[in-house]
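There are 2 protein chains.
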Amino acid sequence: MTSQELTEQIFKKKSFLCVGLDTDLEKIPTYLLSEKDPVFSFNKAIIDATHEYCVAYKPNIAFYEALGVSGWKSLKKTIEYLHSEYPDLYTIADAKRGDIGNTSRMYAKAFFDDLGFDSITVAPYMGKDSVEPFLEFTNKHTILLALTSNEGAFDFQTLKTGDEDLYKKVIKTSRTWENSENLMYVVGATKAEYLADIRKIIPNNFLLVPGVGAQGGSLEEVCKYGLNKDVGLLVNSSRKIIYASDSSNFAEIAAAKAEAMQNQMAVELERL
Amino acid sequence: MTSQELTEQIFKKKSFLCVGLDTDLEKIPTYLLSEKDPVFSFNKAIIDATHEYCVAYKPNIAFYEALGVSGWKSLKKTIEYLHSEYPDLYTIADAKRGDIGNTSRMYAKAFFDDLGFDSITVAPYMGKDSVEPFLEFTNKHTILLALTSNEGAFDFQTLKTGDEDLYKKVIKTSRTWENSENLMYVVGATKAEYLADIRKIIPNNFLLVPGVGAQGGSLEEVCKYGLNKDVGLLVNSSRKIIYASDSSNFAEIAAAKAEAMQNQMAVELERL
Chain Z
1 MTSQELTEQI FKKKSFLCVG LDTDLEKIPT YLLSEKDPVF SFNKAIIDAT HEYCVAYKPN
61 IAFYEALGVS GWKSLKKTIE YLHSEYPDLY TIADAKRGDI GNTSRMYAKA FFDDLGFDSI
121 TVAPYMGKDS VEPFLEFTNK HTILLALTSN EGAFDFQTLK TGDEDLYKKV IKTSRTWENS
181 ENLMYVVGAT KAEYLADIRK IIPNNFLLVP GVGAQGGSLE EVCKYGLNKD VGLLVNSSRK
241 IIYASDSSNF AEIAAAKAEA MQNQMAVELE RL
Chain E
1 MTSQELTEQI FKKKSFLCVG LDTDLEKIPT YLLSEKDPVF SFNKAIIDAT HEYCVAYKPN
61 IAFYEALGVS GWKSLKKTIE YLHSEYPDLY TIADAKRGDI GNTSRMYAKA FFDDLGFDSI
121 TVAPYMGKDS VEPFLEFTNK HTILLALTSN EGAFDFQTLK TGDEDLYKKV IKTSRTWENS
181 ENLMYVVGAT KAEYLADIRK IIPNNFLLVP GVGAQGGSLE EVCKYGLNKD VGLLVNSSRK
241 IIYASDSSNF AEIAAAKAEA MQNQMAVELE RL
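From first to last, the protein sequence lines stand for chains Z and E. Going by the UniProt record's numbering, the first sequence opens with residue 1, and the numbers climb by one from there. Going by the UniProt record's numbering, the second sequence opens with residue 1, and the numbers climb by one from there.
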């Protein structure tokens, strides 16, 4: 999917919500555990219930990898279900990968070609040749970690390098890389005030914003500093939506939570 | 495995060689492709032939992930084979993971508990709470990317933050984290002269050194600057050993390459 098509979906649905599929066998309703593939059953129910209110789904790969072979099967079923039933939804592999060039190429192949994700999150520490193999893919996005939503973001990301913070240096440098038009950036919602500075460097790129909801970030703040004329935001919520209830109507309640966020987003979009 | 046990193995075998299992269906001998699990068949042949000359194996997870479900099965078979046949060999999941705390914990569980690796490589960009969940595991090591062997290492890792390079700041900061005694560090062989500086900060920690061989680093240089009294080095070679030949005697030739490196290492160890 192109950025333009994603923007069209956002205006059509009046939503820039991304639902994080951080599916954990210890947190899903226990009655699902007797199903053949509880992870897929849970994801399918969440997707069927919430797809009207969001434009993207983001499985965090760690949750699938923790289940080994069966986790990979569940991930594959989930992405195939999205492609066949809801092809207009944008998909993000939250994998935070990055390695030397020939190895990054293997990761890119795994997530873009084999699983068919529209995008993948990538860590910047290893620099240009660790990211460019992801950028080579047409109509795919590489979402670079810039400023993350966790406490540890302040350990290195906000260190001064010369006269600017490392995360700004990462963003600026990444813009010089080949096919940099395929970049999006992760910017944590718990640091919404930083978004104004970031928008000065990258007014047009999409930002994937985690940390609204369970991690305490505010949607209003994110919109105030992060929206651009084409929206340019995907705001993710995982736990606060998918684990809103562990009863048998968990999917309905997840849908209500997603709808509530979509309603807030519709208000923000009217201000554009 | 503890660091002490690893050191004992190194002195016993007169080797600190790690063989990288970057197993790629496009590079293994074509006649193996008719086997049921070509990746495992290749790994088994390489392991059986080289295990006398090395102390560790390091599958790079990207190569397995690129094959989806079947790749995870091959990885699992490989690590189970190592555990059952060669339990004295140290195992490294070269995964370069790192995420917010609850997610890093899922990765740690996947690689330490489920697959039973002795160690995993982890990226530092997200800071303390992204790494500490890995450090909690007893008798397991977390190998933090400090200075990598690729060109892109100079994009961010060697940036000055205050009066020192980012990679030094990463090393120093990581020593303040809980259970930091479980840390090892990745330091690329193509930057051997940096090892002297790094040894001033961490005289005792093990360093995993990629980049000797195909990437052009020199074993002599690495030893000159990197060896400590307990050795403290694991030097990795992947392509130069496992792909030394694509004929039917590829494993024998890989063994000869590994033996040649082991011989060089024995000479270096005698100087201690």
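Any given hint could turn out to be false.
One copy or two, it doesn't matter: identical chains are merged, so the pair holds either way.
Distance condition first, Cα-Cα at most 27 Å in a straight line; then the derived DSSO-like pairs of lysine-lysine [claimed, not checked]: (1) K27 <-> K12; (2) K27 <-> K109; (3) K44 <-> K77; (4) K36 <-> K73; (5) K109 <-> K240; (6) K109 <-> K73; (7) K224 <-> K36; (8) K229 <-> K160.
Quick caveat, the hints were computed from the structure, so don't treat them as lab data.
Checked hints:
1. K27 <-> K12: Answer is neither: 33 Å inside a copy and 47 Å across each miss the 27 Å cutoff.
2. K27 <-> K109: For K27 and K109, only the inter-copy Cα distance (16 Å) is at most 27 Å; the intra-copy one is 31 Å.
3. K44 <-> K77: within (9 Å within a copy, 30 Å between copies)
4. K36 <-> K73: So K36 and K73 pass the 27 Å test inside a copy (12 Å) and across (19 Å) alike.
5. K109 <-> K240: The answer is between: 23 Å across copies meets 27 Å, while 32 Å in one copy does not.
6. K109 <-> K73: Close inside one copy (17 Å) and across copies (18 Å); limit 27 Å.
7. K224 <-> K36: neither (45 Å within a copy, 56 Å between copies)
8. K229 <-> K160: Answer is neither; intra-copy 31 Å and inter-copy 36 Å both fail.
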